[in-house]
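> Chains A and B, in that order, give the protein sequences. Offset between the first sequence (1-based) and the numbering used here: plus 2. Offset between the second sequence (1-based) and the numbering used here: plus 61.
No lab work stands behind these hints: they were computed from the structure. Keep in mind that a hint or two might mislead.
[Unchecked claim] Label pairs and their calculated CB-CB ranges: (1) L52(A) - L182(B): 49 to 59 Å; (2) S168(B) - Q236(A): 54 to 64 Å; (3) V90(A) - V87(B): 50 to 60 Å; (4) N17(A) - L227(B): 48 to 58 Å; (5) S319(B) - N119(A): 53 to 63 Å; (6) R172(B) - Q280(A): 29 to 39 Å; (7) A139(A) - R172(B): 56 to 66 Å; (8) V90(A) - L227(B): 49 to 59 Å; (9) V90(A) - V364(B): 23 to 33 Å; (10) S429(A) - L227(B): 29 to 39 Å; (11) S383(A) - P77(B): 31 to 41 Å; (12) L227(B) - K349(A): 27 to 37 Å; (13) S383(A) - L242(B): 22 to 32 Å.
Glycine is no exception: its CB is placed at the ideal position from the N, C-alpha and C atoms.
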Amino acid sequence: MLSMKAIIKNYGPINVLNAVDLEVRNGEVHALLGSNGAGKSTLIKVLGGLVTPNSGVISLDGNSIDVSSPKRSLSAGVAIVHQETDLVPELSVAENIFLGMESSVTGAENGFLSRINRTLLKNAASELLRRYGLDVAPGAKVADLAPGAQQIVQIARVLALESKVVIFDEPTARLGQKDRDVLFRIFATLKNEGKKLIFVTHYLDEVMLVADRATIMRDGKDVATLETAQTSVQEISRLMVGDDVRLPSRKSSQADDEIVARFDNISDGRAFAGVSFQIRVGEIIGVLGHLGSGRHEISRHIARSRSNGRRSETRHVGFVPEDRRGEGIFPQLAVMENVGLGLLTKKRMFSLMPRAKMKAMTDEYIRALQIKTNGGGQVISTLSGGNQQKAIFARALINEPSLYVIECPTVGVDVKAGAELHAAIFSLVERGASVLLATDDLDEAIRLCDRILIMRNGRIAQELLPQDYSRQALVVAMGAG
Amino acid sequence: MIPWRRWSIFIVLAAPVIALAVLNPVFRQPGNLFNLWQQASIIGILAVGQTMVIVLGGFDLSVGAVAALAGVICFLGFGVGDGPMGVAVGIVCALAVCGLIGAMNGSLVTRLRMTPLIATLGVLSLARGAVLVISDGQAIYAEEGAGYAFANTLQSSFLGMPVSGLLFLAVAVVGLVLLRLTIYGQFIYAVGGNEKAALLAGIPVAKVKIITYCFCSMAAGIGGILLASRTASALPNAGVNYELQAITAVVIGGAKLSGGKGSVLGTVLGVLLLTAIGNALNLYNISPFWQTGVTGAILIIAVAISLLTGEAEKIGSA
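Build the full structure now, drawing on both the sequences and the hints.
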């Protein structure tokens with residue numbers, strides 16, 4: 003059993019962890035939940051040796067362990083699968099899996115100048131991959147793999163450490179449905195081997211599916227530890243937020259008969275072809291599909307249509323990209339500059355910045371979307387994920403376009419902020435705008451969309467109407483399993 | 062608290078300069094301060110242009126060679142027409158060529174997606190090669206006449222201030238206004254901060270980059286004309302290593318080579334600091350050969366300070 007007792011971490015006067023207890027049993031998947039800023043990533047960093055707590059005791063199988071540095075934490079038997087991949091793209095899968103620990107496989111004793119025995123590495127890698135049922139060729143070059151497969155290699159690298167405790171930090175945020183299933187099979191194998199798993203995630207449905215118990219954190223304290231079999235998504239989200247999250251809903255579809263954008267037989271020559279559909283005024287149209295189905299490319303294509311001379315079809319498209327950190331925010335700029343940028347792209351480049359207007363409109367959106375800041379001047383990278391996402395929303399809203407392309411709006415966003423973002427989308431269509439929602443979140447699609455287009459192999463494979471909606475129907479239509 | 066951190070580099074590096082001003086009466090004499098301002102102006106003008114490119118997330122190694130080319134073209138122009146006409150032809154041609162070189166840098170980086178290192182390194186050699194071919198490796202002198210008078214004017218004083226220093230001030234003000242007050246400047250920070258996001262937000266990224274490389278080269282051109290006026294001759298090896306001094310000043314001024322961060326004010330302070338330290342070495346009769354090494358040490362200290370304080374900031378907000 004892994005046990006953390008009375009972990010306290012202060013940054014000056016700020017109390018980030020307030021006597022947190024966590025226990026993970028052998029062969030258990032233990033979900034660690036909480037809104038952004040609740041303290042769960044600090045707790046993980048304590049285990050990983052990246053943050054030194056002010057006080058507290060950590061023990062593994064009855065012995066207290068030293069986690070004062072990442073290296074010590076690793077040798078004590080704690081390994082973390084981080085969100086970002088940090089593989090060496092030009093090396094093979096096998097070489098990446100055993101990067102830095104080659105000698106443990108090949109038994110070389112002469113340090114790093116000794117010859118690498120690639121055959122031994124490859125055999126060891128394929129044995130490891132087979133043990134966890136992973137379908138990746140150990141000899142393949144990592145650069146040639148799809149992003150999902152790269153994530154799997156990243157996980158395999160941690161599995162190769164054979165640690166007693168394996169921590170997964172939001173591993174599913176960037177995985178397609180198929181790769182998620184692979185991940186959950188890895189969980190099952192690790193469980194059978196008696197490992198202790200900590201699963202950090204925002205997806206409560208995944209928690210109900212794979213976790214045995216869940217610890218919920220709020221404001222730096224563990225507020226509850228529950229058996230998932232005896233709880234519900236509602237109870238968990240209530241504990242996370244502190245009071246009931248009221249999921250926004252709209253009374254009826256706002257969709258009008260008037261058409262705001264029509265796409266006839268469009269293709270990008272690679273990822274999708276022969277796609278035709280129309281978006282009506284006030285409609286939320288969902289686009290779903292696995293990685294490689296063309297879903298991502300088609301939403302990009304439509305978002306870009308504003309600069310393709312297609313102005314006659316769509317005057318201006320408000321765009322919220324899926325990868326917030328990589329494609330959304332300008333990390334060094336203030337919230338006001340991040341939001342106000344939406345105003346600038348329509349103006350002549352060599353004119354003065356309309357600072358007063360940017361500030362006024364940013365303040366307006368900070369209020370309307372309830373963005374938590376110290377004011378528009380705060381640097382955006384210091385906001386929580388949910389608030390960053392709201393700022394990117396505000397950037398798209400600021401021009402009041404008639405069509406929005408919104409990708410995965412609630413990935414990595416806590417339950418409360420997610421509900422507020424959904425409410426914002428509803429209020430858009432209530433005011434007569436239209437939304438193309440490209441998402442991986444089935445519940446989100448079901449709750450929000452008037453129609454759902456399912457992409458498969460670069461084509462619209464199916465169109466679903468609300469009476470056909472169910473998670474199962476969507477999964478089947480997307481071609482899973 | 063955070064502004065303190067932002068200026069910590071200057072506080073550390075300015076301490077010896079302030080001590081010098083207090084302890085050494087020669088240093089603070091108006092005549093010496095006049096010299097200091099004048100000495101700072103050429104690298105200063107190059108560094109203002111460089112600041113814009115670095116904030117954009119690139120850098121420009123060609124500025125020293127471009128400055129030399131501008132000097133050569135300008136001084137050739139002096140020979141074309143007689144009197145002010147020749148001066149005008151010289152300046153216009155020099156700056157036009159610089160603008161074209163900047164457009165070439167920008168196009169290589171955007172259209173062909175070359176890294177700025179390779180693109181501007183190639184252009185550096187092209188420009189230096191052009192200088193050698195045009196000048197046949199010989200110095201080009203401004204003959205008696207309007208050109209000579211023009212060169213003299215650039216090195217004279219106006220209301221007790223050096224004309225070259227005023228030119229530096231003017232270029233800095235233009236750079237400051239462009240970066241801080243215009244939409245174009247905001248786009249530079251945005252592209253440098255997150256190019257992918259800038260593209261998706263509808264910013265004309267390629268256009269912004271090409272224009273910025275043009276500005277940088279034209280600033281180098283102004284600096285080059287000033288440099289030639291100092292010796293009243295365009296020398297084929299003028300401006301060697303100036304690009305490194307300019308980049309050093311920008312980095313000391315708090316810019317990040319990865320882009321998105323930096324300011325004209327910081328750069329100006331960086332240039333003044335470097336020049337002041339060179340000046341001090343002179344005052345104490347320390348061989349000028351020491352100066353290159355000292356510049357290197359300052360660069361490393363400045364970056365070390367910003368990394369160490371930046372790290373402290375990161376941990377504090379985790």
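> All hints are to be evaluated individually against the structure, with a verdict given for each.
Hints versus structure:
no., hint, verdict
1, L52(A) - L182(B): 49 to 59 Å, "39 Å, violated"
2, S168(B) - Q236(A): 54 to 64 Å, "58 Å, holds"
3, V90(A) - V87(B): 50 to 60 Å, "57 Å, holds"
4, N17(A) - L227(B): 48 to 58 Å, "56 Å, holds"
5, S319(B) - N119(A): 53 to 63 Å, "38 Å, violated"
6, R172(B) - Q280(A): 29 to 39 Å, "36 Å, holds"
7, A139(A) - R172(B): 56 to 66 Å, "37 Å, violated"
8, V90(A) - L227(B): 49 to 59 Å, "53 Å, holds"
9, V90(A) - V364(B): 23 to 33 Å, "27 Å, holds"
10, S429(A) - L227(B): 29 to 39 Å, "56 Å, violated"
11, S383(A) - P77(B): 31 to 41 Å, "34 Å, holds"
12, L227(B) - K349(A): 27 to 37 Å, "32 Å, holds"
13, S383(A) - L242(B): 22 to 32 Å, "24 Å, holds"
Consistency note: the structure conflicts with the earlier hints numbered 1, 5, 7, 10.
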